[in-house]
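Q: Residue-level listing of the chains:
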Amino acid sequence: MEIAVIGNSEFILGFRLAGIQKTYAADSDEKLSEHINKVLQDVNVGILVLNSKDMERIPRRLRATLEESVRPTVIAIGGEEGGLSMRERIKRSVGVDLWK
Amino acid sequence: MALRDIKPTRSELINLKRKIRLSERGYKILKMKRDGLILEFFKVLTEAKDTRGDLLDKYAKAVETMALANTVEGAIGVKSAAFSVAEIPEIKLKSKNIMGVIVPEIESSKVKKSLVDRGYGVLGTSTVIDETATAFEELVEAIIESAEIETTMKRLLDEIESTKRRVNALEFKVIPELTEAQDFIKMRLDEMEREELFRLKKIKARSAA
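Sequence lines, in order, name chains A and B.
Take the first sequence: its letters are residues -14 to 85, numbered as in this note's numbering.
Take the second sequence: its letters are residues -10 to 198, numbered as in this note's numbering.
Hints listed in this document are in silico derivations from the structure and should not be mistaken for laboratory results.
Keep in mind the model is a prediction, meaning the values are calculated, not measured.
In silico BS3-like pairs for lysine-lysine, Cα to Cα no more than 30 Å straight-line:
1) A:LYS16 <-> B:LYS47
2) B:LYS38 <-> B:LYS50
3) B:LYS8 <-> B:LYS20
4) A:LYS76 <-> B:LYS20
5) B:LYS81 <-> A:LYS38
6) A:LYS38 <-> B:LYS68
7) B:LYS162 <-> A:LYS76
8) B:LYS8 <-> B:LYS162
9) B:LYS50 <-> A:LYS16
10) A:LYS76 <-> B:LYS32
11) B:LYS47 <-> A:LYS76
12) A:LYS76 <-> B:LYS85
13) B:LYS191 <-> B:LYS175
14) B:LYS83 <-> A:LYS23
15) A:LYS38 <-> B:LYS47
16) A:LYS16 <-> B:LYS68
17) B:LYS22 <-> B:LYS8
18) B:LYS85 <-> B:LYS22
19) B:LYS(-4) <-> B:LYS162
20) A:LYS76 <-> B:LYS38
21) B:LYS85 <-> A:LYS23
22) B:LYS81 <-> A:LYS16
23) B:LYS20 <-> B:LYS85
24) B:LYS6 <-> B:LYS17
25) B:LYS162 <-> B:LYS175
26) B:LYS175 <-> B:LYS193
27) B:LYS8 <-> B:LYS175
28) A:LYS76 <-> B:LYS83
29) A:LYS76 <-> B:LYS22
If you want the footprint, here are the derived chain A segments under chain B, 3+ residues with CB under 8 Å:
30) 22 to 34
31) 73 to 82
A virtual CB, placed ideally from N, CA and C, is assigned to each residue, including glycine.
Generate the whole structure from the sequences, applying the supplied hints.
A: Pasting the structure below:
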């Protein structure tokens, strides 16, 4: 299995340096959704890395799917986004805000 | 189950008693499962917080070195180096079982590469590129680690939520309704017995007269 990265060209360049091949440049919103859908279909992708700024631009519905998704696991980096959605989930399931 | 749907018979009472016993046993077991899951969750939680912090730090560092590389080498220099990196970090997904929850265990082939393995020429590029590559390799390692932990958390949270719902449904809905029905049947049976006794007395009095 592989790791996939979606983001603007600057974001993905670094991951290319680390040897990741499945990097998709997405500079417009439509491209972003398109690439995400493509990666979600790809059975070879184990982890999907996104920029949290892009995460905010994704349509709400797709974002919900991404947050629930287990295979591939979606990780947003840069900013606090990942923590925030996790925080919501913890609040809902345990009933107490345990994140930080 | 509304009270008027219950037939006040002895066999129904026996059935109800059996049902109550079963639901109480289920309730106890599910409650234990819920507590166990929450304990597991706490274990993962501290770990997840650590890896999150780690990930953010590494990302900040990686972005910084990337900016540096872009200024020193120019965007095209960095890009050409990036495109010549040949080795793909492979990850393997295995699964682990935590209290009935299937949780992934991610194993990765080594992401960090030595200078020579990276694929771009050592002579043609400067050290900033190497530094950037190292920073991003470290970032990828952190991502892999936190992907495993975050998926575990997601799965555990889902399971906790559904178990909690089940426990609450049993505690506040199913068991009270069953006991209510049981009480109703008991009352009706007693009432019928008293009626019967009274009727017998009445008949006895009439035949004696």
